[in-house]
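Student: Protein sequence lines correspond, in order, to chains A and R. Residue numbers for the first sequence follow the numbering used here, so the first one is 1 and each next one is one higher. Residue numbers for the second sequence follow the numbering used here, so the first one is 1001 and each next one is one higher.
FYI, nobody ran anything at the bench for these hints, they're computed from the structure. Some clues are possibly wrong.
Result set (DSSO-like, lysine-lysine): computed pairs, CA atoms no more than 27 Å apart in a straight line [claimed, not checked]:
#, chain 1, residue 1, chain 2, residue 2
1, R, Lys1039, A, Lys95
2, R, Lys1275, R, Lys1039
3, A, Lys131, A, Lys169
4, A, Lys129, A, Lys95
5, R, Lys1110, R, Lys1238
6, A, Lys73, R, Lys1238
7, A, Lys183, A, Lys227
8, R, Lys1016, A, Lys129
9, A, Lys208, R, Lys1016
10, A, Lys183, A, Lys169
11, A, Lys138, R, Lys1016
12, R, Lys1275, A, Lys210
13, A, Lys95, R, Lys1238
14, R, Lys1110, R, Lys1016
15, A, Lys225, A, Lys210
16, A, Lys73, R, Lys1039
17, A, Lys169, A, Lys129
18, A, Lys183, A, Lys73
19, A, Lys225, A, Lys183
20, A, Lys131, R, Lys1238
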Amino acid sequence: MNVIELRGLQKHYGTFRAVDGLDLTVRQGDVYGFLGPNGAGKSTTIRMMMSLIRPTSGSITVFGESLHHHREKILRRIGAIVERPDFYNYLSAFKNLELVGRLSGADVSRTNIMRVLGMVSLDERAMSKVKTYSHGMKQRLGIAQALLHNPDLIVLDEPTTGLDPQGMKDIRDLILALSADHKKTILLSSHILPEVELTANRMVIINKGKAVVEGLVNDLLNAGKMKVTIETDECASVRTALSTTPWGGRITGVTEHAVIMQLDRAEIASVIQHLSASSIHINSVVPVRSLEDYFLSLTSEVV
Amino acid sequence: MMLAALRVELAKVFSKWRTYIGFIAVGLLIPIIVLAMGKEGNQYFSFATQALSQAFEFKGNLMNGYTVAYIVFGALYIHIPFLVTLVSGDILAGEATSGTYRLIFTRPVKRSTIVTAKYIASMLYVNMMIVWMAILAMVLGVAFLGTGEIVVIRSQITIIAEHDALWRFVLAYGFSALSMMTVASIAFLCSSLVENSIGPIMTTMAIIIVFTIISAIDLPMFDVIRPMLFTNHMTGWKLLFDDPVPWPRVFTSASVLVGHMVVCFVAAQIIMQRKDILT
C-alpha cells in the first residue's frame, strides 16, 4: 500500500519554481530518504504535505486519500518535524507536549507524555522551560511531539541538524527502532547522506524541485561505477598486468601499497581473477560505493 | 475540537508575562487614583465646577465611590487600548515570530477553528481586563468613599441619583468591553497580516490616533466618514450617563463597533486560510 503519493507537485513563488513537477511514492513500512542539497525543495515539499503551504498544482495523496479533501483525517495519522524544532519557550517541555497533544487528539495523560519524553531521553528535564534547552534537546523534543499521538507516518525534516555525533546516532537508532519495532512509515528528509545511507531502505534525490533518481538505497548504492582499492605490495605488476586489458584505463591512482580503480560491481571478480592468474598477490580488495559520490554526481552543478 | 483549541489558546495566553502587564498596570493605578481622589477629590471637584459655583450650591457626598469610578473610567479609557493590543496583536503574529505556526497548523484541526479559538481567547482577555478595571474602580471607590450621586461634568452637568447609578455602570462597562473588543479585533486582523508582534500593536495605535484626529476635526469633508469610524463610537459609554439615555445613539454606536469586529474577524479568517506558512 502506498502511504504517500505526490503527483506533478508544483510550488511557484513568482517565476521561481521551488518544487517543479515532483512525483514521489512512499510505501507502507518504508524508511524513505528524501535527499537533496540545500534549496532543492525538500522543506517546501514537506510543508505542502503538512498543509502549511498550498501547492500551485499537482496532487498529494496520503493513506489513499486526497490531502486537499481529507486534511484533518490525514493529519491525525501523521507526526512531523518541519524544519527547526520551535516550541513555546516560556512553557515546559511537558506543557508543550500537553498542548500540542490536545490539538492532535492524543492521550495527554502524564504517563503517556512522560513515556514519550523518555523515548527521547528528556524525561528528567520534562518540567524545565524549553528556553533552557539546547538545540539538541529541542530537536529531541521535536521528535517527541511527532510521536505523541502514535502516528502511522512520521515525517522528519532534517532531524539531526545541529546534533553531536552521539545525538545523531541516537536519532538514527530511534528511527530504525520506530521502523522495525513499531512498524512506522518514515519519511526522512536530509542533506546528510550517511544518515540516509544508514537508515533508509528507499530514497529519492531531488534537485531544483525535481526528482533526479528514485529507488532502493541498495540498488542506487550499487549502480554505476565503484571506487575499488586493491591493496598489494606489487603495484607495478598490477599496472603491467592490466595494461593489456580493458581495465588498464580504469586505474585512477596508485600508492605504495594500493591501486585504485573505477569499476562496475560485476567487473571486480574478473579483475581479481585476472590478477591472480598473473601470479600477483593481493592483500585485500575494498569496494566503496558511497551515496555521497552518487549524490554529488547527480547534483554536481549546484553543490 | 473548538473547546480543546480554546483551552490551548487560553493556557498559552495566560502563561505569558505580557498578559499580566495590563492587569498589573490597572491594579496599581486605580488604588492610587481612588486614594488621591479620597484625599484631594473635593479640590478637583471645586475646580471642575468653579464656573457654576456662584449660581449653584452643591451639597451632599458628591466625591463618592460612584463619581470616582466614573472619573477613573474616563481617564483610563484612553490608555486601555494600549494594553489590550499587547495580547491580541501578538496572538497570531507571535506564533509566526516564534515559528510555532508549524506546530499548531500541522495538527488535525481546521485552521479556522484555531483562528476562532485565538479570537475568542483575545476577547476573553479584553473582557477580563474590563471586569478587573470595573471591580477595582467600583469596589475600592465604594469601600473608601461610600456611595452617592454621580456628577457627570461634560458640556452640561448631569447629576445621577444614587439608586439610578449601578445599572448605568453595568451597561457602561459592557459598552466599553465592546469598544475594547473592537480595538482588539483590529489588532487581531493586523496580527494576521505580519510576522512580528510589534507591527500589529503599533499599527492599531496608529489607526486609533488617526481616526481620533479625523473624528475630532470638525471639517465638512470628514462628515461622510466620521459616522463610520469606530473611534467616533468608542466613547458611546458616556451616553449611558445622560438623562434620559439616548438609546438610539447607543444602539447605533454599538452596531458600528460590532460591525467592525465582524469585518476584522472575517478578514483575519480569510487571510489565515490563504496564508502560506513560511516561518
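Student: Taking the hints in turn, state whether each one holds.
Tutor: Hints versus structure:
no., hint, result
1, R/Lys1039 - A/Lys95, "violated, 48 Å"
2, R/Lys1275 - R/Lys1039, "violated, 55 Å"
3, A/Lys131 - A/Lys169, "holds, 24 Å"
4, A/Lys129 - A/Lys95, "holds, 9 Å"
5, R/Lys1110 - R/Lys1238, "violated, 41 Å"
6, A/Lys73 - R/Lys1238, "violated, 51 Å"
7, A/Lys183 - A/Lys227, "violated, 35 Å"
8, R/Lys1016 - A/Lys129, "holds, 12 Å"
9, A/Lys208 - R/Lys1016, "violated, 42 Å"
10, A/Lys183 - A/Lys169, "holds, 20 Å"
11, A/Lys138 - R/Lys1016, "holds, 20 Å"
12, R/Lys1275 - A/Lys210, "holds, 24 Å"
13, A/Lys95 - R/Lys1238, "violated, 44 Å"
14, R/Lys1110 - R/Lys1016, "holds, 25 Å"
15, A/Lys225 - A/Lys210, "holds, 24 Å"
16, A/Lys73 - R/Lys1039, "violated, 65 Å"
17, A/Lys169 - A/Lys129, "holds, 25 Å"
18, A/Lys183 - A/Lys73, "holds, 20 Å"
19, A/Lys225 - A/Lys183, "violated, 34 Å"
20, A/Lys131 - R/Lys1238, "violated, 46 Å"
Violated hints, in rising order: 1, 2, 5, 6, 7, 9, 13, 16, 19, 20; the structure is consistent with all others.
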